[in-house]
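Protein sequences appear in the order of chains Z and Y. Our numbering puts the first residue of the first sequence at 29, with every later residue one more than the last. Our numbering puts the first residue of the second sequence at 121, with every later residue one more than the last.
If you are wondering where the hints come from, they were derived from the structure by calculation, not from laboratory data. A virtual CB, placed ideally from N, CA and C, is assigned to each residue, including glycine. Some hints could be false.
As a list, the in silico EDC-like pairs of lysine to aspartate or glutamate whose alpha-carbon atoms are at most 16 Å apart [claimed, not checked]:
{"id": "1", "chain 1": "Y", "residue 1": "123", "chain 2": "Z", "residue 2": "70"}
{"id": "2", "chain 1": "Y", "residue 1": "190", "chain 2": "Y", "residue 2": "142"}
{"id": "3", "chain 1": "Z", "residue 1": "33", "chain 2": "Y", "residue 2": "158"}
The following label-pair restraints were derived from C-beta to C-beta distances [stated by the list, open to error]:
{"id": "4", "chain 1": "Y", "residue 1": "233", "chain 2": "Z", "residue 2": "56", "range": "21 to 27 Å"}
{"id": "5", "chain 1": "Z", "residue 1": "87", "chain 2": "Y", "residue 2": "136", "range": "23 to 29 Å"}
{"id": "6", "chain 1": "Z", "residue 1": "111", "chain 2": "Y", "residue 2": "136", "range": "40 to 46 Å"}
{"id": "7", "chain 1": "Z", "residue 1": "74", "chain 2": "Y", "residue 2": "231", "range": "42 to 48 Å"}
{"id": "8", "chain 1": "Y", "residue 1": "136", "chain 2": "Z", "residue 2": "98", "range": "44 to 50 Å"}
{"id": "9", "chain 1": "Z", "residue 1": "109", "chain 2": "Y", "residue 2": "226", "range": "22 to 28 Å"}
{"id": "10", "chain 1": "Y", "residue 1": "231", "chain 2": "Z", "residue 2": "31", "range": "28 to 34 Å"}
{"id": "11", "chain 1": "Z", "residue 1": "69", "chain 2": "Y", "residue 2": "233", "range": "18 to 24 Å"}
{"id": "12", "chain 1": "Z", "residue 1": "39", "chain 2": "Y", "residue 2": "231", "range": "27 to 33 Å"}
{"id": "13", "chain 1": "Y", "residue 1": "217", "chain 2": "Z", "residue 2": "45", "range": "38 to 44 Å"}
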Amino acid sequence: DQQVKQNSPSLSVQEGRISILNCDYTNSMFDYFLWYKKYPAEGPTFLISISSIKDKNEDGRFTVFLNKSAKHLSLHIVPSQPGDSAVYFCAASVTVSGSARQLTFGSGTQLTVLP
Amino acid sequence: DVKVTQSSRYLVKRTGEKVFLECVQDMDHENMFWYRQDPGLGLRLIYFSYDVKMKEKGDIPEGYSVSREKKERFSLILESASTNQTSMYLCASIEGGGAYEQYFGPGTRLTVT
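Using the sequences and the hints, build the whole thing.
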């Protein structure tokens with residue numbers, strides 16, 4: 029049973045337009061959310077995050093929105109650039125032991141930005 | 121910068137072989153993780169470790185074991201490799217104390233024939 033879902037396996041947008049990637053979760057214990065970006069043959073790299081006590085976090089062209097009541101978050105990229113083409117993973121964090129935390133990942137969305 | 125390294129980028133092994141995947145981090149992180157990434161399934165947690173000589177099963181531990189003899193090194197062991205273990209294997213580490221962001225290695229693409 030997937031606790032973190034990314035229902036769109038792929039997304040294509042034109043350069044300069046907005047990219048919106050979506051993520052849904054089911055576990056109410058998740059209290060922190062992260063987005064990772066992954067290029068082929070490389071490990072995922074951290075992009076942006078948000079605490080469950082906030083509804084928006086912005087970092088340059090990247091903004092993450094959290095709707096806690098709907099258990100939904102989204103990543104907005106504006107403007108989109110060809111270099112943004114990658115797989116984007118949504119991840120949710122929970123404390124599992126003392127202060128140790130664990131991430132649960134979604135299945136990923138392949139973003140293609142067309143020049 | 122945190123650096124997580126993995127012993128091999130590409131590995132080809134035969135069915136039934138014992139396979140060792142090594143991961144080393146240089147930031148004195150307490151917690152280390154092994155994932156596998158498969159198309160359409162995302163990253164799935166195999167095993168993790170919160171301290172030296174400690175290990176915990178993740179979501180898909182069957183067919184795998186781990187070893188953590190030193191803080192900086194976390195090894196994933198496939199006791200008898202099978203074709204369904206062909207995958208991308210990713211190691212990650214994170215500070216203790218409630219930190220959120222995991223740092224990933226470059227991955228090992230393992231093919232079992």
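Results of checking the hints against the structure:
A threshold of 16 Å between alpha carbons decides the hint, and for residue 123(Y) with residue 70(Z) the separation of about 13 Å falls inside it, so the pair holds. For a cut-off of 16 Å, the pair hint linking residue 190(Y) to residue 142(Y) stands: about 12 Å separates their Cα positions. Only pairs whose Cα atoms come within 16 Å are accepted, and residue 33(Z) paired with residue 158(Y) is accepted, the gap being roughly 15 Å. Our hint of 21 to 27 Å for residue 233(Y) and residue 56(Z) is violated, since their Cβ atoms are close to 44 Å apart.
Range check, residue 87(Z) to residue 136(Y): about 48 Å between beta-carbon atoms, so the 23 to 29 Å window is missed. Take residue 111(Z) and residue 136(Y): their Cβ atoms lie about 43 Å apart, and the range 40 to 46 Å holds. The supplied range of 42 to 48 Å is broken by residue 74(Z) and residue 231(Y), whose beta-carbon atoms lie about 28 Å from each other. Checked against the hint of 44 to 50 Å, the pair residue 136(Y) and residue 98(Z) passes, with Cβ atoms roughly 48 Å apart.
Checking the proposed 22 to 28 Å range against residue 109(Z) and residue 226(Y) shows it holds: the Cβ atoms sit about 23 Å from each other. Against the hinted window of 28 to 34 Å, the Cβ-Cβ separation of residue 231(Y) and residue 31(Z) comes to about 30 Å, which satisfies the hint. In this structure the supplied range 18 to 24 Å holds for residue 69(Z) paired with residue 233(Y), their Cβ-Cβ distance being about 20 Å. In this structure the supplied range 27 to 33 Å holds for residue 39(Z) paired with residue 231(Y), their Cβ-Cβ distance being about 29 Å.
Restraint check, residue 217(Y) to residue 45(Z): a C-beta distance of roughly 40 Å satisfies the suggested window 38 to 44 Å.
Violated hints, listed in ascending order, are 4, 5, 7; each of the other numbered hints is respected by the structure.
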